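Enquirer: The chain contents come next:
Number of protein chains: 2
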Amino acid sequence: MPVNMNAAEFENRLSKLAGLSLKVGVNLQQGQELIVTAPIEASALVHRITRIAYRQGAKFVTCLYEDPEMIHDRFAYADDKTLDYAPEWIYRGMSGAFENGAARLYVVGPYPDLLSGVSTDKIVRAHTAMANASEVETRFTSESRINWSTVPFVTDSWAKAVFPDLPAEEASQQLWRHIFDATRISCPDPVHAWAEHNRLLDTRRNFLQHRKFVALHFYDGRTDIRVGLADGHRWVGGTVVAANGVEGICNIPTEEIFTCPHKDRTNGRVFFSKPLALAGTLVDNLCVEFRDGTVVSVKAGKGQEIFEKLISCDAGARRLGEVGLVPNSSPISRSGILFYNALFDENAASHLAFGQSYAACLATEFLSANTPEEAGANQSSIHIDCMLGNDSMSVDGISGTGRAEPVMRGGEFVI
Amino acid sequence: MPVNMNAAEFENRLSKLAGLSLKVGVNLQQGQELIVTAPIEASALVHRITRIAYRQGAKFVTCLYEDPEMIHDRFAYADDKTLDYAPEWIYRGMSGAFENGAARLYVVGPYPDLLSGVSTDKIVRAHTAMANASEVETRFTSESRINWSTVPFVTDSWAKAVFPDLPAEEASQQLWRHIFDATRISCPDPVHAWAEHNRLLDTRRNFLQHRKFVALHFYDGRTDIRVGLADGHRWVGGTVVAANGVEGICNIPTEEIFTCPHKDRTNGRVFFSKPLALAGTLVDNLCVEFRDGTVVSVKAGKGQEIFEKLISCDAGARRLGEVGLVPNSSPISRSGILFYNALFDENAASHLAFGQSYAACLATEFLSANTPEEAGANQSSIHIDCMLGNDSMSVDGISGTGRAEPVMRGGEFVI
Numbered sequence: 001m002p003v004n005m006n007a008a009e010f011e012n013r014l015s016k017l018a019g020l021s022l023k024v025g026v027n028l029q030q031g032q033e034l035i036v037t038a039p040i041e042a043s044a045l046v047h048r049i050t051r052i053a054y055r056q057g058a059k060f061v062t063c064l065y066e067d068p069e070m071i072h073d074r075f076a077y078a079d080d081k082t083l084d085y086a087p088e089w090i091y092r093g094m095s096g097a098f099e100n101g102a103a104r105l106y107v108v109g110p111y112p113d114l115l116s117g118v119s120t121d122k123i124v125r126a127h128t129a130m131a132n133a134s135e136v137e138t139r140f141t142s143e144s145r146i147n148w149s150t151v152p153f154v155t156d157s158w159a160k161a162v163f164p165d166l167p168a169e170e171a172s173q174q175l176w177r178h179i180f181d182a183t184r185i186s187c188p189d190p191v192h193a194w195a196e197h198n199r200l201l202d203t204r205r206n207f208l209q210h211r212k213f214v215a216l217h218f219y220d221g222r223t224d225i226r227v228g229l230a231d232g233h234r235w236v237g238g239t240v241v242a243a244n245g246v247e248g249i250c251n252i253p254t255e256e257i258f259t260c261p262h263k264d265r266t267n268g269r270v271f272f273s274k275p276l277a278l279a280g281t282l283v284d285n286l287c288v289e290f291r292d293g294t295v296v297s298v299k300a301g302k303g304q305e306i307f308e309k310l311i312s313c314d315a316g317a318r319r320l321g322e323v324g325l326v327p328n329s330s331p332i333s334r335s336g337i338l339f340y341n342a343l344f345d346e347n348a349a350s351h352l353a354f355g356q357s358y359a360a361c362l363a364t365e366f367l368s369a370n371t372p373e374e375a376g377a378n379q380s381s382i383h384i385d386c387m388l389g390n391d392s393m394s395v396d397g398i399s400g401t402g403r404a405e406p407v408m409r410g411g412e413f414v415i
Numbered sequence: 001m002p003v004n005m006n007a008a009e010f011e012n013r014l015s016k017l018a019g020l021s022l023k024v025g026v027n028l029q030q031g032q033e034l035i036v037t038a039p040i041e042a043s044a045l046v047h048r049i050t051r052i053a054y055r056q057g058a059k060f061v062t063c064l065y066e067d068p069e070m071i072h073d074r075f076a077y078a079d080d081k082t083l084d085y086a087p088e089w090i091y092r093g094m095s096g097a098f099e100n101g102a103a104r105l106y107v108v109g110p111y112p113d114l115l116s117g118v119s120t121d122k123i124v125r126a127h128t129a130m131a132n133a134s135e136v137e138t139r140f141t142s143e144s145r146i147n148w149s150t151v152p153f154v155t156d157s158w159a160k161a162v163f164p165d166l167p168a169e170e171a172s173q174q175l176w177r178h179i180f181d182a183t184r185i186s187c188p189d190p191v192h193a194w195a196e197h198n199r200l201l202d203t204r205r206n207f208l209q210h211r212k213f214v215a216l217h218f219y220d221g222r223t224d225i226r227v228g229l230a231d232g233h234r235w236v237g238g239t240v241v242a243a244n245g246v247e248g249i250c251n252i253p254t255e256e257i258f259t260c261p262h263k264d265r266t267n268g269r270v271f272f273s274k275p276l277a278l279a280g281t282l283v284d285n286l287c288v289e290f291r292d293g294t295v296v297s298v299k300a301g302k303g304q305e306i307f308e309k310l311i312s313c314d315a316g317a318r319r320l321g322e323v324g325l326v327p328n329s330s331p332i333s334r335s336g337i338l339f340y341n342a343l344f345d346e347n348a349a350s351h352l353a354f355g356q357s358y359a360a361c362l363a364t365e366f367l368s369a370n371t372p373e374e375a376g377a378n379q380s381s382i383h384i385d386c387m388l389g390n391d392s393m394s395v396d397g398i399s400g401t402g403r404a405e406p407v408m409r410g411g412e413f414v415i
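Going line by line, the protein sequences match chains P and Y. Those letters in the first sequence? Residues 1 to 415, by the numbering used here. Those letters in the second sequence? Residues 1 to 415, by the numbering used here.
Honestly, the hints are just simulated from the structure, not real lab data. Quick caveat, the model's predicted, so the values are computed rather than measured. Zero decoy hints are in this set.
Because identical chains cannot be distinguished in the list, a pair is counted as satisfied if it fits within a single copy or across any two copies.
Straight-line alpha carbon distances no greater than 35 Å define the calculated DSBU-like cross-link-like pairs of lysine-lysine that follow:
#, residue 1, residue 2
1, Lys-23, Lys-122
2, Lys-299, Lys-122
3, Lys-122, Lys-16
4, Lys-16, Lys-81
5, Lys-16, Lys-160
6, Lys-81, Lys-23
7, Lys-81, Lys-160
8, Lys-160, Lys-122
9, Lys-160, Lys-302
10, Lys-309, Lys-160
11, Lys-212, Lys-274
12, Lys-23, Lys-274
13, Lys-274, Lys-160
Looking at chain P on its own, in the form it has when it is part of the complex:
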């Protein structure tokens, strides 16, 4: 529990987080079924979610608990040739529930060092099998066919990764404090704070969508890069209206608005402002140069080799799949912490992602007449977010006629 916070106060905040995840995140409807996934360590949060969900009129709440020790022991003891198998039956079952109207909540409690020592090859094989088996099920959320959300829980393993020098208990308390700040649970009225926050995100998203910029220009003296945007790109962020008509927030926390770059139209040099945690290795002081969308040079203080290996894994890996804007004043950014988790680190600063683009970042109207390839969307087996935002970053939107319009100054939105 957080520093300077007694047990009752901690439990009160945990209940607020549960309530927020249902009210603002999933926006669970009266009579709707709910499927939660969570590590067993997060049962205290799941119990609060369950209770609130039933009080809100949930038809049924199921939690499919994840057991990290079972995941670990599979890699440690299973026959190697079984690693290409994944239990499709469970995903097929869940798809059935979503077809019948169930909502989905992911409780994310990371175990950063769970598979340290396991060969990448094994992890990739198991991951690929799982991705194939869950392909249909995943589309219910990735395509927002149902209302869904994601909410964090501090595991001991995660706290230790973020604060390796603190005793376990204190590390957990510290991380909870940051999580409660980042999720606006520390605010007197979190639901109201989120309403305000969503209004801002929605306004900025709509502004950028309306402007139809052809590129974004990032510059701060060292970084000077022009990121071309995909034709028919769509800005995403803030509230999402799912295909079932329910409006929610898919990630708690979320600070970004993002869209799809054109895979051939990025030029210039970028210095990434935050270190990048890649499979247990830190990459820092990373500087990358682009020509016509593709990486032509890489320099890093640490981890250059692993980064180069990663962006060489397929043709799309050295091109961009996402550009995201986050103000420097966001609570996550202010914490100054590397969370070792995309849900947070991606929301800490403006970022570029190497690899796969998101289907949601192309306008439906555009896609009715064009393929994603024609739009300039990138394809890859990887998607790696790298932060370039900082408190002196300027961002201009470039119009079709070449006119530059201020979007961010000093790391903050000016729109």
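Using the hints provided, position chain Y relative to the given structure of chain P.
Expert: Below, chain Y without anything else, positioned relative to chain P:
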């Protein structure tokens, strides 16, 4: 952990229980998938099961953890009209896995007082919905289409119910000691002890099957009852060969061999030797008289009213659905404890069950030419086991010509 047993010894026994459940119970095959259900409190046993299963070559191990607090909170907070719903999607998913060859292991950790205070009507509605939703899935085990087993785990709630006067820690230790005895884990070589035990059960089962008795006569001076057996009855107990060809033991522990009475052919009086735990109420000193298969009088020291209400709930409830033989020397019987759980109490003494009969207790050949009704099998929505065995009980098998042959004397088998 058990009294006079250090942590290492306890963990060693828990590992032996895990190994026994896979080797002797499920008899998990190389390359076979395994689905476990268990309360989250039992994760220490599940982890051992997982590790051993993978070492034995399991293709994949899934544990669907049950969370008693979520079950409780449904009854406490859900809208009343949602109680007739059950998540069929999860059972449909599991059925898919069984179709594709998965095995099943139930880790049974009871919560006897979880729903105390909830109205019986609510529980029955939820239970009926669950039974309907899981009908297809349940048949994979009830009809032994796959290899499956059941293994106990001591929850704090269970220990408290069995030893209400002991401090929590001590109650748990005591119950574990009895569980390890009852499951033969205390034996130097549990797997060998089970091989011996199964050989005995199989021999007795085969003996009784071969004899084709038309009735069993129980008498000890007070009890004097003749239980007619169904035409084409089949004796069940000991090892089971599932339809997939794998031989295992469905219940750990198991001590009984049992079959199907004829619903119209029981006559006489029975004094039940052990109290009966019914929905939180104890029924003791129960004495019941039968005429032509049906109960004609009931007397009890305590709980007479609830027992009479129960056997009046439908037409089959006042007739017998099972007769089971258990020697007085079985470890469970010797413990002298009421476990408040059928997996144990049913195996503590010879018993008669009121209500529904088991399909497995009629011979397949017989059923190819006759209906279960023609065999004399009983139908009811209840199935309540009542113990009549004691150390002075005699049981005779009665042949078609009326000849009596000793089966048990002084509570022990003589066959």
